[in-house]
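Given the sequences, and given the hints that come with them, work out the whole structure.
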Amino acid sequence: MGLFFGFANYAFASTDRLEGYAWSSNVGWISFSCSNANSCGSSNYGVVIDQSSGVLSGQAWNSNIGWISFNAEDVAGCPSVPCAPKLVGGIGSGWARVVPVDPESGWEAWIHLAGPGYGVTQSATELKGFSWSDDVVGWMNWNPSIGPGVHRVPSSVLSTGVLGGGPNSNVRIGTDVCTSASCLYSHQTSDIVALVASPAPGYTFSNWTGLNASECPQLSATTCDGILLSSDKEIKASFRTSVCPSDGPGNCPACNDGVDNDADTKIDFPADTNCQSRTGPSEAITAAACDNCIDDDGDGRIDWVNDTGCKDQTDNNEINAILTASTSNTGGASGRVVSDPAGINCKPNCNKEYISDDEVKLTALPSNTSSNFWRWSGACLGTNPVCQLVMTISRTAVAHFGATVAPSCPRDGPGACPECNDGDDNDDDGRIDFPADQQCTSRIDPTEGTSNRECPGDGPGACPVCNDGADNDEDGLVDYSNDPECLGDPEGESEDGGDVNCPADGPGVCPQCNDGVDNADPEDLIADYPIDPGCYSRADNNEIDPVIIGNCPTDGPGICPRCNDGIDNDEDGLIDWFGWDSDKDEVREIKRDPSCQGEPNKNTEAGGVIIKEI
Numbered sequence: 321m322g323l324f325f326g327f328a329n330y331a332f333a334s335t336d337r338l339e340g341y342a343w344s345s346n347v348g349w350i351s352f353s354c355s356n357a358n359s360c361g362s363s364n365y366g367v368v369i370d371q372s373s374g375v376l377s378g379q380a381w382n383s384n385i386g387w388i389s390f391n392a393e394d395v396a397g398c399p400s401v402p403c404a405p406k407l408v409g410g411i412g413s414g415w416a417r418v419v420p421v422d423p424e425s426g427w428e429a430w431i432h433l434a435g436p437g438y439g440v441t442q443s444a445t446e447l448k449g450f451s452w453s454d455d456v457v458g459w460m461n462w463n464p465s466i467g468p469g470v471h472r473v474p475s476s477v478l479s480t481g482v483l484g485g486g487p488n489s490n491v492r493i494g495t496d497v498c499t500s501a502s503c504l505y506s507h508q509t510s511d512i513v514a515l516v517a518s519p520a521p522g523y524t525f526s527n528w529t530g531l532n533a534s535e536c537p538q539l540s541a542t543t544c545d546g547i548l549l550s551s552d553k554e555i556k557a558s559f560r561t562s563v564c565p566s567d568g569p570g571n572c573p574a575c576n577d578g579v580d581n582d583a584d585t586k587i588d589f590p591a592d593t594n595c596q597s598r599t600g601p602s603e604a605i606t607a608a609a610c611d612n613c614i615d616d617d618g619d620g621r622i623d624w625v626n627d628t629g630c631k632d633q634t635d636n637n638e639i640n641a642i643l644t645a646s647t648s649n650t651g652g653a654s655g656r657v658v659s660d661p662a663g664i665n666c667k668p669n670c671n672k673e674y675i676s677d678d679e680v681k682l683t684a685l686p687s688n689t690s691s692n693f694w695r696w697s698g699a700c701l702g703t704n705p706v707c708q709l710v711m712t713i714s715r716t717a718v719a720h721f722g723a724t725v726a727p728s729c730p731r732d733g734p735g736a737c738p739e740c741n742d743g744d745d746n747d748d749d750g751r752i753d754f755p756a757d758q759q760c761t762s763r764i765d766p767t768e769g770t771s772n773r774e775c776p777g778d779g780p781g782a783c784p785v786c787n788d789g790a791d792n793d794e795d796g797l798v799d800y801s802n803d804p805e806c807l808g809d810p811e812g813e814s815e816d817g818g819d820v821n822c823p824a825d826g827p828g829v830c831p832q833c834n835d836g837v838d839n840a841d842p843e844d845l846i847a848d849y850p851i852d853p854g855c856y857s858r859a860d861n862n863e864i865d866p867v868i869i870g871n872c873p874t875d876g877p878g879i880c881p882r883c884n885d886g887i888d889n890d891e892d893g894l895i896d897w898f899g900w901d902s903d904k905d906e907v908r909e910i911k912r913d914p915s916c917q918g919e920p921n922k923n924t925e926a927g928g929v930i931i932k933e934i
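Residue numbers for the sequence shown follow my numbering, so the first one is 321 and each next one is one higher.
Simulated from the structure, these hints should not be mistaken for lab results. Since we're looking at a predicted model, the values are computed, not measured. Incorrect hints may have been included.
[What the hints assert, rightly or not] Derived BS3-like pairs (lysine-lysine); straight-line CA-CA distance at most 30 Å:
#1 Lys-448 with Lys-406
#2 Lys-406 with Lys-586
#3 Lys-672 with Lys-922
#4 Lys-922 with Lys-681
#5 Lys-553 with Lys-922
#6 Lys-911 with Lys-667
#7 Lys-922 with Lys-911
[What the hints assert, rightly or not] Simulated restraints on C-beta separations:
#8 Val-829 with Asp-795: 15 to 25 Å
#9 Glu-554 with Pro-399: 36 to 46 Å
#10 Trp-387 with Gly-836: 48 to 58 Å
#11 Gly-878 with Val-579: 51 to 61 Å
#12 Thr-561 with Val-401: 53 to 63 Å
#13 Asn-346 with Gly-826: 37 to 47 Å
Note that the Cβ used here is the ideal one computed from N, Cα and C, for glycine as well.
Here it is, written out as structure tokens:
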């Protein structure tokens with residue numbers, strides 16, 4: 321998460337950034353930062369606070385009026401002094417201004433941070449209160465009752481550098497690479513980072529130095545990890561010219577390291593005829609990257625067993641890739657990041673080393689119902705909580721969580737609601753939403769055109785009986801491609817060839833959860849599986865919603881049963897009796913755990929069940 325000279329609109333200094341949204345009833349939400357082009361209409365902007373002076377600078381964004389500047393040059397000539405916006409001692413002062421200003425319109429576009437009876441203040445990391453504009457914006461609420469509000473995110477500066485290593489040695493911190501004597505990187509306070517020193521050919525890593533070098537586990541090891549950025553810190557890498565052959569393998573070329581690298585009983589140049597000079601990188605003619613006597617990845621370690629990026633001598637990739645995962649929480653939200661295969665399970669920071677170009681799936685999981693996964697940054701991008709990475713190089717991924725704001729559908733319309741519950745004829749077929757539009761499988765289906773199901777992979781319950789990967793009528797034949805009773809129809813809902821046609825045959829013939837009627841539970845006005853929470857499968861003959869004990873899943877683990885605590889307790893990628901809708905849009909991003917058997921008060925997610933459709 322390191323930033324060299326910050327975002328494009330910032331001047332680099334010891335600054336804290338502002339995150340979140342303020343609210344104006346006249347113009348709507350005002351965003352104070354975004355660095356991700358995949359999730360922002362405009363990206364690489366933000367407002368920061370100088371840690372020493374309290375001066376605010378940078379720009380906020382509103383989709384209706386555009387940029388709101390806190391920069392000194394834009395607020396010069398304000399209606400009353402002081403002009404420069406500041407936050408000192410928790411009290412705001414000065415002005416912001418909408419830019420560019422249009423003098424012909426008569427709109428001055430000034431926003432006052434404090435005045436008689438109002439003002440912006442800071443409590444802990446939360447900014448509160450109101451600012452005022454006579455023009456258009458009106459009252460601007462910095463901590464609205466819904467939404468994340470505006471928060472101050474503390475930052476720390478890590479100072480590193482290369483001492484005595486020539487022009488090609490470097491220090492790497494995640495994706496940041498320093499090749500000069502002094503580099504400054506800004507990180508969120510409480511980030512945990514690792515520094516890796518890589519000597520250029522002809523140089524050997526000596527030790528870590530600087531005011532905080534003692535925090536490295538070993539001063540002489542090329543990796544200095546586990547550094548907690550609780551404040552500004554200085555750690556630099558010191559190198560020296562290699563002395564060969566005495567510095568030996570890993571520091572000297574294979575043809576001048578004092579070792580018989582190719583086991584031919586001949587050591588170095590000129591004794592080993594495979595060497596053309598003392599700078600020769602290999603005593604052997606050909607070899608894999610992990611057995612070629614070359615520092616292929618420039619990390620100062622050569623081959624197996626010295627280079628931890630090598631699985632064995634046959635591995636042709638020396639890179640030891642470190643995956644660093646962390647969470648960024650806004651407005652009291654919290655969450656964690658888990659991986660498949662296991663190894664990453666962190667809240668807020670963790671890392672794991674991969675040596676075999678592994679494929680890793682990261683999943684961002686909110687900790688409770690008041691938290692919502694917003695977006696990724698770093699190696700992962702976008703708003704999908706699942707991210708796939710191939711660990712050929714070191715990568716960093718940050719999962720951002722914020723307070724939940726649920727849409728109201730279909731009232732909030734297209735964009736906020738699923739297409740099958742947004743009040744719009746999205747596919748122009750003359751039919752609107754579920755159940756009128758037969759392309760919709762439920763109100764949570766995101767598209768009216770084609771289903772979002774992945775069948776038969778999503779299995780029984782989510783997929784049609786004739787395309788769910790199960791032998792539902794136990795005749796030894798599975799699905800439409802094999803079972804002739806499906807009549808070749810992948811959307812078929814019966815494999816048994818009988819006369820029952822559900823839900824068309826209705827109540828009395830079909831189970832309550834597949835009869836097209838909202839039966840004995842008029843409290844929810846929802847019919848059938850999978851959208852009625854009282855239904856565990858289409859074969860379920862009782863639509864009555866289960867009784868939720870206490871304030872669950874909000875009260876979380878330890879208080880709520882494991883099938884209703886908002887946590888994937890058995891780490892199988894499935895959550896609770898009814899799944900998990902992280903952003904409250906009626907789309908369950910994480911499927912229900914079938915081991916809960918539709919019972920929220922069951923206290924274990926372990927085990928397994930088989931769903932049989934009828």
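Going down the list of hints, with the structure as the test:
For the suggested pair Lys-448 and Lys-406, the alpha carbons sit about 14 Å apart, so the restraint of at most 30 Å is met. Taking the CA atoms of Lys-406 and Lys-586, the gap is about 72 Å. The hint is violated against a cut of 30 Å. As the CA atoms of Lys-672 and Lys-922 are separated by approximately 34 Å, the hinted pair breaks the 30 Å bound. As the CA atoms of Lys-922 and Lys-681 are separated by approximately 29 Å, the hinted pair is consistent with the 30 Å bound.
Between Lys-553 and Lys-922 the CA atoms are separated by roughly 49 Å; this puts the pair beyond 30 Å, and the hint is violated. Between Lys-911 and Lys-667 the CA atoms are separated by roughly 22 Å; this keeps the pair inside 30 Å, and the hint holds. A threshold of 30 Å between alpha carbons decides the hint, and for Lys-922 with Lys-911 the separation of about 17 Å falls inside it, so the pair holds. Between Val-829 and Asp-795 the CB atoms are about 22 Å apart, so this pair conforms to the stated range of 15 to 25 Å.
For the pair Glu-554 and Pro-399, the beta carbons lie near 44 Å from each other, so the given range of 36 to 46 Å is met. With their beta carbons about 53 Å apart, Trp-387 and Gly-836 fall inside the hinted range of 48 to 58 Å. The hinted window of 51 to 61 Å between Gly-878 and Val-579 holds, with their beta carbons roughly 57 Å apart. Take Thr-561 and Val-401: their Cβ atoms lie about 59 Å apart, and the range 53 to 63 Å holds.
Checking the proposed 37 to 47 Å range against Asn-346 and Gly-826 shows it is violated: the Cβ atoms sit about 52 Å from each other.
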